[in-house]
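Trainee: One letter stands for each residue in the lines below.
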Amino acid sequence: MRVLGIETSCDETAAAVVDDGRWVRASVVLSSAKVQERFGGVVPEVAAREHVAAILPAVAQALAEAEVDGETVDLIAVTRGPGLLGALLVGVAAAKCLGLAWGRPVLGVHHHEAHLYAHALEGPPELPALALLVSGGHTALWEWVDHGVLHPVGATRDDAAGEALDKGARLLGLGYPGGPAVERLAATVKSSRWTLPRPRVAGHPYDFSFSGLKTATQELVRLHPEAAAEIAYALEEAVVEALVGPTVAAAEALGHRRIYVAGGVTANQRLRERLTRAAARAGITVVFPEPRWCTDNAAMVAALGFYRAREASKGWEGLSPAPDWRLG
Amino acid sequence: MRVLGIDASGPAVAVGLAEGELVLAECMWTRPRTASNHLVEWVKAVVAEFGWPEGIGVGLGPGSFTGTRIAVTVAKMLAWARGIPVVGVSSLAAWAAAAPPGTVVAVTSERRGAAFYAGLYRVADPEPVALMAEAAVDGALPDPFPWPEPLWLVGPLAADREWHPRFGRRVEPRALPLYGSWVARLAGRRLVAGEAVPPDRLMPSYLRPPAVSRRAARGREEE
Numbered sequence: 000m001r002v003l004g005i006e007t008s009c010d011e012t013a014a015a016v017v018d019d020g021r022w023v024r025a026s027v028v029l030s031s032a033k034v035q036e037r038f039g040g041v042v043p044e045v046a047a048r049e050h051v052a053a054i055l056p057a058v059a060q061a062l063a064e065a066e067v068d069g070e071t072v073d074l075i076a077v078t079r080g081p082g083l084l085g086a087l088l089v090g091v092a093a094a095k096c097l098g099l100a101w102g103r104p105v106l107g108v109h110h111h112e113a114h115l116y117a118h119a120l121e122g123p124p125e126l127p128a129l130a131l132l133v134s135g136g137h138t139a140l141w142e143w144v145d146h147g148v149l150h151p152v153g154a155t156r157d158d159a160a161g162e163a164l165d166k167g168a169r170l171l172g173l174g175y176p177g178g179p180a181v182e183r184l185a186a187t188v189k190s191s192r193w194t195l196p197r198p199r200v201a202g203h204p205y206d207f208s209f210s211g212l213k214t215a216t217q218e219l220v221r222l223h224p225e226a227a228a229e230i231a232y233a234l235e236e237a238v239v240e241a242l243v244g245p246t247v248a249a250a251e252a253l254g255h256r257r258i259y260v261a262g263g264v265t266a267n268q269r270l271r272e273r274l275t276r277a278a279a280r281a282g283i284t285v286v287f288p289e290p291r292w293c294t295d296n297a298a299m300v301a302a303l304g305f306y307r308a309r310e311a312s313k314g315w316e317g318l319s320p321a322p323d324w325r326l327g
Numbered sequence: 000m001r002v003l004g005i006d007a008s009g010p011a012v013a014v015g016l017a018e019g020e021l022v023l024a025e026c027m028w029t030r031p032r033t034a035s036n037h038l039v040e041w042v043k044a045v046v047a048e049f050g051w052p053e054g055i056g057v058g059l060g061p062g063s064f065t066g067t068r069i070a071v072t073v074a075k076m077l078a079w080a081r082g083i084p085v086v087g088v089s090s091l092a093a094w095a096a097a098a099p100p101g102t103v104v105a106v107t108s109e110r111r112g113a114a115f116y117a118g119l120y121r122v123a124d125p126e127p128v129a130l131m132a133e134a135a136v137d138g139a140l141p142d143p144f145p146w147p148e149p150l151w152l153v154g155p156l157a158a159d160r161e162w163h164p165r166f167g168r169r170v171e172p173r174a175l176p177l178y179g180s181w182v183a184r185l186a187g188r189r190l191v192a193g194e195a196v197p198p199d200r201l202m203p204s205y206l207r208p209p210a211v212s213r214r215a216a217r218g219r220e221e222e
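In order, the protein sequence lines correspond to chains X and D.
The opening position of the first sequence corresponds to residue 0 in numbering that gives the first Met the number 0, with each subsequent residue numbered one higher.
The opening position of the second sequence corresponds to residue 0 in numbering that gives the first Met the number 0, with each subsequent residue numbered one higher.
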């Protein structure tokens, strides 16, 4: 089965052609990050304007690189939410038009669930397992029981992990997106004088909280403006530790021997090393996707579409975005 | 040439099919915010009944940023995927075009307080003649207002009597709908004249920059 995936939930316009949920024939990501950089974050109206300009080139390029004709596509999978409404509208409208033009069904999928299907691109996921999603917009733990069956285990109470890094980067005068910038700066020192707080949520051992980090980072920057690299190190360390503890504890408590990690922050090298090591001590395997599938892309959307294809029903012409769609 | 016309720039979500002067199909709801749900459904219904059109026309605005984006996305994706020629037209001109020939029409759209979009046309055959460049108004109307001759006033400002003297001394408010078939008819003339555009070049006519500068600056201060 050949699936065309479309992703426009934030500032990336992406299209991909994936066969049988695994074989990526083409994956195109056109990012407006360069435009957004000027504003220090994603501005919804700017993102939406970029999507309407980039959606057709992204789809056309994906089909051309895959060397396939649109009519050979069996299903169109599109991110329906959560995300920015104006951005989602462009992807959903485009997907429905292609479905109409080619006479193929359209399936709306959940953006966070799609991130987990970055793993499917390397082979069918071995379920059940624990899943950790860490991105700029979301941080959550689920029991990934089966395709389409995700049970919430924990989530952030305020900022996402990536958001904490973005905000820290801004305080340190670094660019957007902040994660890679903080990681690069932190790598220039071997340690930090400071330990930033790793807040826990009382009574909810698998929940996360990152908003306190911003205030602590802000204070350090004010007192020690010359020590940006050390502050970046302390910030990265705090975010990584705040993620590792609850994740491994949840896997142990729920009896999972495997943790699938997904989302943009997964590209962070320290998170990869620290989580792998901590889990290994408990006899648990951690699986990371290839770095290119960690950030927003449409291959993961197409992969999820393959596993959920049976749910594509008649009446998809009325499909609309779900910007606040909650999973599980 | 059988042309599909679509518009979601503000007054309505509209899909029409026209062949020359002949209107074959018309779907219109004054519920523009439902464009995302209904535009493709209506196009499907028209295609199921009449087959694929030979041309596609879309109202580029100015008007609702979101609405024009949906309409433009639909037009460009359908045109590209089916290999159908496509062209954009002014939503305001298509709206004015439904008035009788010879009428001068001031069209207003997407009002928020004293901010709205405005166009001024003399309706003529084959299409309305613009008497000024379409404008994003913020309080003060541009020249040549107030218009000295009889003037039809269309859109949200037609319902606001306080504004009428600023548009002209002989304003007649009119409840004129924006039909997809008029978008189709204006587009059809352009397509016949060989003015089709590559689908990927089709973009909304925003007239206003995104409201980011002030908000982004404020966001930074809050941080």
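Keep in mind that a hint or two might mislead.
[To be verified] Here are some chain X residues pointing at chain D (derived, C-beta under 10 Å):
1. P43
2. R48
3. G90
4. A94
5. K95
6. L99
7. W101
8. L184
9. S319
[What the hints assert, rightly or not] Distance ranges between label pairs, derived from CB positions:
10. X/R271 x D/A139: 55 to 63 Å
11. D/G50 x X/K33: 41 to 49 Å
12. X/V286 x D/R207: 44 to 52 Å
[Claimed, not checked] Some residues of chain X that are not near chain D, with every Cβ distance over 10 Å (derived):
13. C96
14. H146
15. A249
16. R280
What the hints contain is simulated information worked out from the structure, not anything from laboratory work.
Ideal Cβ placement from N, Cα and C applies to all residues, glycine included.
Trainee: Identify whether the interface hint at X/A94 stands, where standing means a beta carbon of chain D within less than 10 Å of its own.
Mentor: holds, 9 Å
Trainee: With a cut-off of 10 Å, does the beta carbon of X/R48 approach a beta carbon of chain D closely enough for the hint to hold?
Mentor: Status holds, d = 6 Å.
Trainee: Holds or violated: is there a CB of chain D closer than 10 Å to the CB of X/W101?
Mentor: holds, 6 Å
Trainee: At the C-beta level, are X/V286 and D/R207 separated by a distance inside 44 to 52 Å?
Mentor: At 47 Å between Cβs, range holds.
Trainee: With chain D as the partner, please determine if X/L99 meets the hint condition of a C-beta pair closer than 10 Å.
Mentor: holds, 6 Å
Trainee: Holds or violated: is there a CB of chain D closer than 10 Å to the CB of X/L184?
Mentor: Violated, because the Cβ-Cβ distance from X/L184 to chain D comes to roughly 19 Å (cut-off 10 Å).
Trainee: Against chain D, does X/C96 keep a CB gap of more than 10 Å to every residue?
Mentor: Given a closest Cβ separation of 4 Å, the condition is violated.
Trainee: At a threshold of 10 Å, is the proposed contact between X/G90 and chain D supported by beta-carbon distances?
Mentor: Since the shortest Cβ distance to chain D is 9 Å, the answer is holds.
Trainee: Beyond 10 Å from every chain D Cβ: check whether that's true for X/R280.
Mentor: It holds; X/R280 is separated from chain D by about 38 Å at its closest Cβ, greater than 10 Å.
Trainee: Are all beta-carbon distances from X/A249 to chain D longer than 10 Å?
Mentor: holds, 32 Å
Trainee: Lying within 55 to 63 Å: is that true of the beta-carbon distance X/R271 to D/A139?
Mentor: Given about 59 Å between the Cβ atoms, the range holds.
Trainee: Note whether the CB distance of D/G50 and X/K33 lies within 41 to 49 Å or breaks it.
Mentor: At roughly 43 Å between Cβ atoms, X/K33 and D/G50 fall inside 41 to 49 Å, so the hint holds.
Violation of the numbered hints given earlier is confined to hints 8, 13; the remaining hints are satisfied by the structure.
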